[in-house]
Amino acid sequence: AQSVTQLGSHVSVSEGALVLLRCNYSSSVPPYLFWYVQYPNQGLQLLLKYTSAATLVKGINGFEAEFKKSETSFHLTKPSAHMSDAAEYFCAVSEGNAGGTSYGKLTFGQGTILTVHP
Amino acid sequence: KAGVTQTPRYLIKTRGQQVTLSCSPISGHRSVSWYQQTPGQGLQFLFEYFSETQRNKGNFPGRFSGRQFSNSRSEMNVSTLELGDSALYLCASSFPPYNEQFFGPGTRLTVL
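These protein sequence lines are chains A and B, in that order.
If you read the first sequence in the working numbering, its first letter stands for residue 14, the second for the next number, and so on.
If you read the second sequence in the working numbering, its first letter stands for residue 558, the second for the next number, and so on.
Fair warning: there could be bad hints in the mix.
[Stated by the list, open to error] Simulated coverage check for chain B against chain A, where a stretch passes if three residues somewhere in it have a Cβ under 8 angstroms from a Cβ of chain A: (1) 606 to 620; (2) 637 to 643.
[Stated by the list, open to error] DSS-like cross-link-like pairs, simulated, lysine-lysine; straight-line CA separation at most 30 angstroms: (3) A:LYS71 - A:LYS82; (4) B:LYS614 - B:LYS558; (5) A:LYS71 - B:LYS570; (6) A:LYS81 - A:LYS71; (7) A:LYS82 - B:LYS614.
[As the list claims (entries may be wrong)] Non-contacting residues of chain B with respect to chain A, defined by C-beta distances greater than 12 angstroms in every case (computed): (8) VAL561; (9) LYS570; (10) SER627; (11) ALA649; (12) LEU666.
Because the hints were derived from the structure by calculation, they are not lab data.
In this text, all values refer to a predicted model and were calculated from it rather than measured experimentally.
Using N, Cα and C, we set each Cβ at its ideal position, and we do this for glycine too.
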């Protein structure tokens with residue numbers, strides 16, 4: 014069974030500081046990994062995805078994540094936080110099958126609320 | 558392309574009633590997944606439909622059901638509502654092979 018652990022339910026940074034949101038996964042097969050962001054009263058927006066093509070993945074809004082198989086981690090980073098980055102962030106895993114297709118079931122972490130101080 | 562749409566956006570029901578939520582996927586997407594989001598349990602997978610067939614099911618009671626139509630639109634139904642069913646219900650559509658899911662704005666269900 015697959016699972017996702019996000020370390021830290023709340024992270025607070027100053028505007029302009031580095032953002033680091035941690036995610037560790039467990040999967041019995043090579044996983045597909047995703048980071049989503051959710052603003053209040055909205056659905057989830059895809060930030061970036063890892064699908065085994067490259068271990069360093071760049072996403073929207075200046076975010077990137079690095080897949081480390083040995084550490085089973087997929088941490089999300091952004092060099093310089095902006096006030097508009099304040100939101101809740103979710104890491105998710107989807108298992109792939111032998112044909113390389115993933116199924117439509119995502120297992121999510123518990124989420125990390127990012128606060129950005131001026 | 559238009560995004561995933563969900564109707565209604567807000568719903569208030571009383572215990573014992575039933576409710577039907579609707580989801581229209583992005584054009585061309587054949588997979589539709591449903592999730593329940595609550596403060597206590599987080600985001601939990603309900604089920605996934607692909608080409609009108611349920612391909613995956615989460616760990617929810619049989620009161621939760623769904624279906625998908627030939628145009629890929631999907632509905633989920635919750636019968637005999639309980640207070641604990643109050644949640645944000647999110648629908649997502651996707652396209653192979655990586656099936657990154659694109660989410661709708663959700664339906665906020667309140668059970669009184």
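Practice task
Go through the numbered hints given earlier and state which of them the structure violates, listing their numbers in rising order.
Solution key: As far as the earlier hints go, 2, 5, 8, 11 are violated by this structure, in ascending order.
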